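Colleague: If you're matching them up, the sequences are chains B and C in order. When we follow our numbering, the leftmost residue of the first sequence carries the number 1, and every step to the right adds one. When we follow our numbering, the leftmost residue of the second sequence carries the number 1, and every step to the right adds one.
Hints were generated in silico from the structure; no laboratory data involved. Each hint should be verified, as a subset may be incorrect.
As the list claims (entries may be wrong) - Selected chain C positions facing chain B (in silico; Cβ < 8 Å):
id : residue
1  : Ala-22
2  : Ser-240
3  : Met-245
4  : Glu-253
5  : Ser-254
6  : Lys-287
7  : Gly-298
8  : Tyr-299
9  : Ala-303
10 : Asn-307
11 : Asn-414
12 : Leu-415
As the list claims (entries may be wrong) - With the C-beta cut set under 10 Å, the calculated list includes, among others, these residues of chain B facing chain C:
id : residue
13 : Met-1
14 : Tyr-7
15 : Arg-11
16 : Asp-12
17 : Tyr-18
18 : Asp-23
19 : Arg-35
20 : Ser-36
21 : Arg-45
22 : Pro-48
23 : His-58
24 : Val-67
25 : Arg-70
26 : Val-81
27 : Ala-83
28 : Gln-86
What the hints assert, rightly or not - From chain B, some residues computed to sit far from chain C (all C-beta separations above 12 Å):
id : residue
29 : Gly-9
30 : Pro-27
31 : Ala-31
32 : Ala-32
33 : Thr-39
34 : Asp-71
35 : Pro-82
Here the structure is a predicted model, which means the values were calculated and not measured. All residues carry an ideal CB built from backbone N, CA and C; glycine is no exception.
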Amino acid sequence: MRIACPYCGSRDAREFLYHGAADPERPDPAAADARSRFTDYVYLRDNPAGALRELWFHAAGCHSWLVVTRDTRTHAISGVVPAREQTKSASPEAG
Amino acid sequence: MRYSALSLVKNALTGNRSWKPAWRDAAPKAAYDVLVIGGGGHGLATAYYLAKQHGLTNIAVLEKSWIGSGNAGRNTTIIRSNYLMPGNVPFYELSMQLWEGLEQDLNYNAMVSQRGVLNLYHSDPQRDAYARRGNSMRLHGVDAELLNREQVREMVPYLDFESARFPVQGGLLQRRGGTARHDAVVWGYARGADMRGVDIVQGCEVTGIRINSGRISGVETTRGFIAAGKVALAVAGNSSRLAGMAGLRLPIESHVLQAFVSEAIKPLIDTVITFGAGHFYVSQSDKGSLVFGGDIDGYNSYAQRGNLPVVEDVCESSMALMPMLGRLRVLRSWGGIMDMSMDGSPIIDKTPVEGLYLNSGWCYGGFKATPASGLCFAHLIARDAPHAAAAAYRLDRFATGRLIDEKGAGSQPNLH
Chain B
1 MRIACPYCGS RDAREFLYHG AADPERPDPA AADARSRFTD YVYLRDNPAG ALRELWFHAA
61 GCHSWLVVTR DTRTHAISGV VPAREQTKSA SPEAG
Chain C
1 MRYSALSLVK NALTGNRSWK PAWRDAAPKA AYDVLVIGGG GHGLATAYYL AKQHGLTNIA
61 VLEKSWIGSG NAGRNTTIIR SNYLMPGNVP FYELSMQLWE GLEQDLNYNA MVSQRGVLNL
121 YHSDPQRDAY ARRGNSMRLH GVDAELLNRE QVREMVPYLD FESARFPVQG GLLQRRGGTA
181 RHDAVVWGYA RGADMRGVDI VQGCEVTGIR INSGRISGVE TTRGFIAAGK VALAVAGNSS
241 RLAGMAGLRL PIESHVLQAF VSEAIKPLID TVITFGAGHF YVSQSDKGSL VFGGDIDGYN
301 SYAQRGNLPV VEDVCESSMA LMPMLGRLRV LRSWGGIMDM SMDGSPIIDK TPVEGLYLNS
361 GWCYGGFKAT PASGLCFAHL IARDAPHAAA AAYRLDRFAT GRLIDEKGAG SQPNLH
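Extracted from the complex, chain C is given alone in its bound form (with noise of 0.2 Å):
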C-alpha cells in the first residue's frame, strides 16, 4: 500500500483496523540469486537498490536477529558529509544526496532533518584543520562555512564560551547535514525492498558459508542450507567473524562504541553540535531526550557494552562545553559493536572467493553512509565493478598503500 494523505484519511475513518504489515516476515527458500547477510540498514538498502535499480528480485536478507536489532538501532542519528579525503568527500556526499531525497524515493517518513552539524574548533590550529576541510568540501561542491566564534553564539549562545581551557573560537558548519530517524530507515527501505519481491528473513543466523572449487555455493543457517550465485556481507561489527567462514582475515577489529540519551527536555539544541577539544557529539531528539555519544571504548569487544571510563569521558566534556546539562539525568546508554578498520575508513569491493561481497569497516561512521552504501554495494554485485563513488574503498588498499586515512592515525583501528 502506497502512504499518502488519502490513505491517512481513510484508515482514520475506518478505525485504523486495515493497515497492513510494511514487510513479510518470509520463511527462507531453498536457493536465490543473491543473498544479502545482515538485516540493519546497509544490508536491506543494498536489497533494494538490487531491485530497483539493477531488477534483480530473487534476492533474500538474512537477519539473525531482528531488523535493525544492530547497529541500525545502536547509533547518535547523525548524516553529514563533512569529510576532507578524496576517496571519501564524493561516497558521503552522495549519501547526503540520497538522504534529501530518500522519503520521496521511499515513499516512507525516514524523519530527516537538515538541522545542520556544527564541528567547533578551540585553538589557532583546529581553524586551520577545519578550514582545510572545508575548503575540500567546497571544492567537491559540498557546502561548508567557517563560523568565527560570535557567529557560533549567535546559534548556540548556551554554551560555555568563556571556557578558560577550551574557548569555543568557532566552527565548521554544514547545514545540509542534520539527523534522520534510525528505525524509519530500517523499514523504510525493509518495506521498498519486500514490495519488489525481496525475502526478508528475520531469526536466520548464518552459520557457515559454503565454498566449491573458489566459488560461492551458499551459506548454512540455523534454518538449514541456502544456496545462492552471490553471497554479500553487511555485517558491521560481525564481518571478521562471517569473512572467517570463509577463510578471510580482515584489516578490521572490533570495537564497543557507546552513546547516550538523556531524560526528555523542552527544545534546546536544534542543530547537532560537536566538541572540537574532546569527542561528543549531541542532538536533541523529537521526543526531546538529548542523544549523545563520544570515543570507542578502545580495546576489542563483541560484548554490545562499555565500561565506566569512557561514560565518566563523555560527560565530562559534555559539562565542557555545555555545564547546564550537569543538571540532567541520563536515562539509557547502550552499546554497539564498530567494525574498526585499519585506516578509519569502509571497504565495499569483491573478495578472493567468486561470488562474495564485502561491505564492511565502517569504524563508527556507518548510519549516514546507509543509503550510499546500499547503492554502491548492489552496483558492485549486480555489476562485479565498482560504483564510482565507492572505488576507493577496495579491500586490497592495505595491501598497495592506497589508504584513506582522515586523521592519519596510522594501522592503530582504536586511534581512529
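Chain B extracted, bound-state conformation (with noise of 0.2 Å):
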C-alpha cells in the first residue's frame, strides 16, 4: 500500500502511522448529553465496508496529518488531503 502524501510525493505505507477513522467529533464538553456523546465519540464506529475517511501521520516523513480516504474492501485509496485543509464540518460525510 501505497499514500501519496501532498507534500513528499508516493510513499510506501510504512511511514505513516493508523489512527482510524476520521469523521468522529470532539463533542462539546459542557453539552448537556456531553456523556453519552463521549461514549459514542470514544467507541463507536461506523466501520464500513468500503469508502473510509481515515487519519494518517506521516511519521517517517514530514509530520502532517493527512485524510485519507481509502476502500477498505481492496485498500484503494482514493483521495489524500491535509487534515488541516479539510475542516470536518465541510466534508459531505461528517457524522
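With the hints in hand, could you dock these two chains into one complex?
Modeller: This is how it looks when you write it as C-alpha cells:
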C-alpha cells in the first residue's frame, strides 16, 4: 500500500501511522448530553465495508496529518488531503 | 451415525462406500424459533448448545458461503486460557475445560492436542508481568508455571538464547494449552447440531434485518425472507455491517490479521511458542508445517488479505527467535477479518432491539473461545440472561466504564 502524501509524493504505507476514522468529532464537554456523546466519540465507529475517511500521520516523513479516503474492501486509495485543509464540517460525510 | 472403532472396521470392510455426509445441506424454511447468523465455529457451537442444553431445535444457522470459510479457517488454531483480567480468566478457562471434553461430547475427532503454550519473556519487567499473569491464573484455578531460562532451554533448545538484543530469560507455561484442528471443530459442531435437528443453510447471505416496533421479526436473505422469534449474530469480522442493518453502531473496527504456514518439515516444535520481544507465535501442525503469525496490519480492512510490512515483521521476529527458520520457505499466507473491539475483549449480550443478540469483538482470540462462546451465547439466547462466565462481556460496558482491557491500550483497536 502506498499513500500519496501531498508534500512528499507517493510513499510506502510503513512511513505512516494509522489513527482510525477521521469523522468522529470531539463533542462539546459543556453540552447537556456530553456523557453519551463522548461515549459515542471515544468508542462507537461506523466501520464501513467501503470508502472510509481516515487519519494517517506521516511519521517517517513530513509529520503532517492526512485525511485519506480508502476503500476498506480493496485498500484502494481515492483521495489524500492534509487534515488542516479539510475541516470536518466541510465534508459531506461528516457525522 | 455414531463414529466408533466398530463403525471404522465395518466401513473399511465394505470399501468405505456407506459413509453418510456428516450433516445435511438444508434449504431454509419460512420460519424458525432462532436464527443463528454465521456458520463459523461460534455460530455452529451456539446452535449445538441451544439444541443440546436448552432443547431448542427449530433453529437454522445461516452461512453466506460454506461453513468454516471465514475466520474459523483463518486462524493459527491455538487454544489456551492464560489471561489476566477477572472478566476474562473464568470465561477462557471454561472454554479450555470444554476443549478437554469436546471430542467425547461431539463424538468427533477435533485433534485437540494439549501440547502446552509457552510465552517467553526477555526482560526483568516482562518477567514480573508474566509472574503476575501466572499468579492471576492460579488464583482462578488455572495451571501456570513460571520457567527460568534453563527450564526453557530444556524444553526448546533450538531458540536463540544468546541473542544480545532479546535474550530469552524464561517463560510462562500453560501445559494444558495447545492446538486443535480448526476445520474439525467446525465440522464436529455442525454434525452435532444437525443430528439434533438444526438446519445448516449454506450459500445464504443476510441482506437485511426486519424489525417491527423495536422487536425482531426476521431477516432478508439472498434466498428470501426468513421469519424468526430470535436472531443471533455470530459474524465476527462483519459484526458492524450486520448490526448496521439493525441500526446499531458498535465499539468495533474490522482489521486484517495475517497468518502463514511453511513447507512441512520433520517434527521440531512440540509445543506452542510465543516471542515476547515482538509479536510472533509458532506451532507445528500434524502435517509438519510450521503455523505462525504476528500482529494485525493495523488499519481498517475487510479485504481478507494483508500487506508486505507485516509479512516482513513476522519473518524478522521468527528469525530473531529461531534463526534456523531462515532456511524454511513459506508455503501460504492468508488474512482474516477481525472484530477489533475498543478494549480488546469480546461482547456477548442482548442488543437494544428485542430478540436480537450479539456475539462479537473477538479481536484475534476467537478460535480458542469457540466452545465457551457457543455455550454462553446459547444460554443468553435461551434464557435471556447472561451465563455467569460471560457476564462481564456486556455491550454497555463502554458507556459505564467497566472495560476489560488486558493490554491497557485504551480505545485504539489497532493496538490490542
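Colleague: Regarding the hint that Lys-287/C lies at the interface with chain B, is the smallest CB-CB distance below 8 Å?
Modeller: violated, 31 Å
Colleague: Just to be careful: measuring from the Cβ of Ser-240/C to every Cβ in chain B, is the smallest value less than 8 Å?
Modeller: holds, 4 Å
Colleague: Does Met-1/B meet its interface restraint, that is, does its C-beta lie within less than 10 Å of any C-beta in chain C?
Modeller: holds, 5 Å
Colleague: Confirm or reject: Gly-9/B is not an interface residue toward chain C, with every Cβ-Cβ distance exceeding 12 Å.
Modeller: holds, 19 Å
Colleague: Does Tyr-299/C pass the interface check with chain B, least Cβ-Cβ distance below 8 Å?
Modeller: Constraint on Tyr-299/C satisfied, holds at 5 Å.
Colleague: So, Ser-254/C near chain B? Judge it on the closest CB pair being under 8 Å.
Modeller: holds, 6 Å
Colleague: Using Cβ atoms only, decide whether Glu-253/C comes closer than 8 Å to chain B, and label the hint accordingly.
Modeller: holds, 5 Å
Colleague: Using the nearest Cβ pair, does Val-67/B come within less than 10 Å of chain C?
Modeller: Result: violated, 14 Å to nearest chain C Cβ.
Colleague: Measuring from the C-beta of Ala-83/B to each C-beta in chain C, is the shortest one below 10 Å?
Modeller: violated, 16 Å
Colleague: Taking the closest Cβ pair, is Arg-70/B under 10 Å from chain C?
Modeller: holds, 8 Å
Colleague: Verify that the Cβ of Ala-32/B lies farther than 12 Å from every Cβ atom of chain C, and report whether the claim holds or is violated.
Modeller: Since the minimum Cβ distance to chain C is about 16 Å, Ala-32/B lies beyond 12 Å and the statement holds.
Colleague: Would the hint on Arg-45/B stand, with a C-beta cut-off of 10 Å toward chain C?
Modeller: The hint holds - Arg-45/B has a Cβ within 10 Å of chain C, the shortest such distance being about 6 Å.
Checked against the numbered hints given earlier, this structure breaks hints 1, 3, 6, 12, 14, 15, 18, 23, 24, 26, 27, 28, 33, 34; the rest are met.
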